[in-house]
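Two chains, two separate frames, one set of hints: put the complex together.
Those protein sequence lines, which keep their order, are chains A and B.
Mapped onto the numbering used here, the consecutive letters of the first sequence carry residue numbers 1 to 111.
Mapped onto the numbering used here, the consecutive letters of the second sequence carry residue numbers 1 to 111.
Keep in mind the hints are simulated off the structure, nothing from the lab.
Each hint should be verified, as a subset may be incorrect.
[What the hints assert, rightly or not] Label pairs and their calculated CB-CB ranges: (1) B:20 / A:41: 18 to 26 Å; (2) A:16 / B:82: 42 to 50 Å; (3) A:59 / B:80: 44 to 52 Å; (4) A:7 / B:20: 22 to 30 Å.
Bear in mind the structure is a predicted one, so any value in this text is a computation, not a measurement.
Note that beta-carbon positions come from the ideal geometry of N, C-alpha and C, so glycine has one too.
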Amino acid sequence: SQQGEEDPQALSIQEGENATMNCSYKTSINNLQWYRQNSGRGLVHLILIRSNEREKHSGRLRVTLDTSKKSSSLLITASRAADTASYFCATQNTGGFKTIFGAGTRLFVKA
Amino acid sequence: IAGITQAPTSQILAAGRRMTLRCTQDMRHNAMYWYRQDLGLGLRLIHYSNTAGTTGKGEVPDGYSVSRANTDDFPLTLASAVPSQTSVYFCASSAPGDTQYFGPGTRLTVL
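Looking at chain B on its own, in the form it has when it is part of the complex (with noise of 0.2 Å):
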């Protein structure tokens, strides 16, 4: 791995589904955060991890939830998807209050 990985790289899902998308860095960095961009949009910011064990929520956090069991991974859960999650999702990570590094972006289509 070299860098921060997203998996699956898209995804058309039904909604009421659970989804789980995965974000693993190498980087050992503390930080990590999740983000959705919306058509010619900029990014909004979810949910974010200061270090493992601790999340904190962001601009936009109703109907995700977060984890962070340890340094590397970071998934994001939509509980019961809905059509107004149809997004690209980034995430990223960084040291604290430093450069973020992103994700290649997962597209999720929720029908």
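Only chain A is shown next, with the shape it has when bound in the complex (with noise of 0.2 Å):
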């Protein structure tokens, strides 16, 4: 079963404007992470956000997390045509290795 799900599926934006995926999971977590796909290749991770901590950010980046609604957020402010990708949130439960994927947001970001 699938602890991570996002929303939505799918979102296509203009170059410039701000992107934001949803990540909603069902059970405790130690950590939550969110990670980048291109095309064909191989996960990059670009977040990591810990049970205690309620908001990350790196670069272009800021993650959210709300514990008590079991669900996190990733805001890609003033996108690029580079963003365009599979953002994927995982979770990890408090023994902090079976790790669970959602099926993941298909960002497309438009020049």
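Here is the structure:
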């Protein structure tokens, strides 16, 4: 069963706009991670947020975590065509090893 | 070696054959993981290992086995391949409960 579920499934925006992707999960977690995958390639780690953190930033990326609602969001500001990719959230359980990925959000940024 | 490597890059296999996918990391990470990614979907955890000598089952372990004889290597074996095991397989490693680093993947087709 999928723990993390992203929405929307697909998102198409213009360059310069912000993109927001959401992730919901079902059980207690140790941390939540966001990854990016370009077509046909491996996954690249973006941000890890621990269960006792509420917000993290990295460059144009902002991740929030609401453990009471079991949800997280990834915001990409001032998007670029090069941001076109699939974005996945993944949760790790309190033991820190079992990782469950969502089905991903496919982001298309039009130049 | 820099990071995490997988071999082979791709493989076409007849159903019923045995196949071992190789994964090696040079980051001295205790934890290693095997995932499969089916077309248009997120990753599903097959098996994991939290340290050399120990392994655990993930979300979809049936038909697969792993071993962890040392810190660096984590091979995945399909004892008797079936067409439903056609997928892209990703290996990853991490410090426990921390960012996962992914290999480039092995594209496996079982006919």
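Any hints from earlier that this structure breaks? Give me their numbers in increasing order, please. The structure conflicts with hint 4 only, although it agrees with all the remaining ones.
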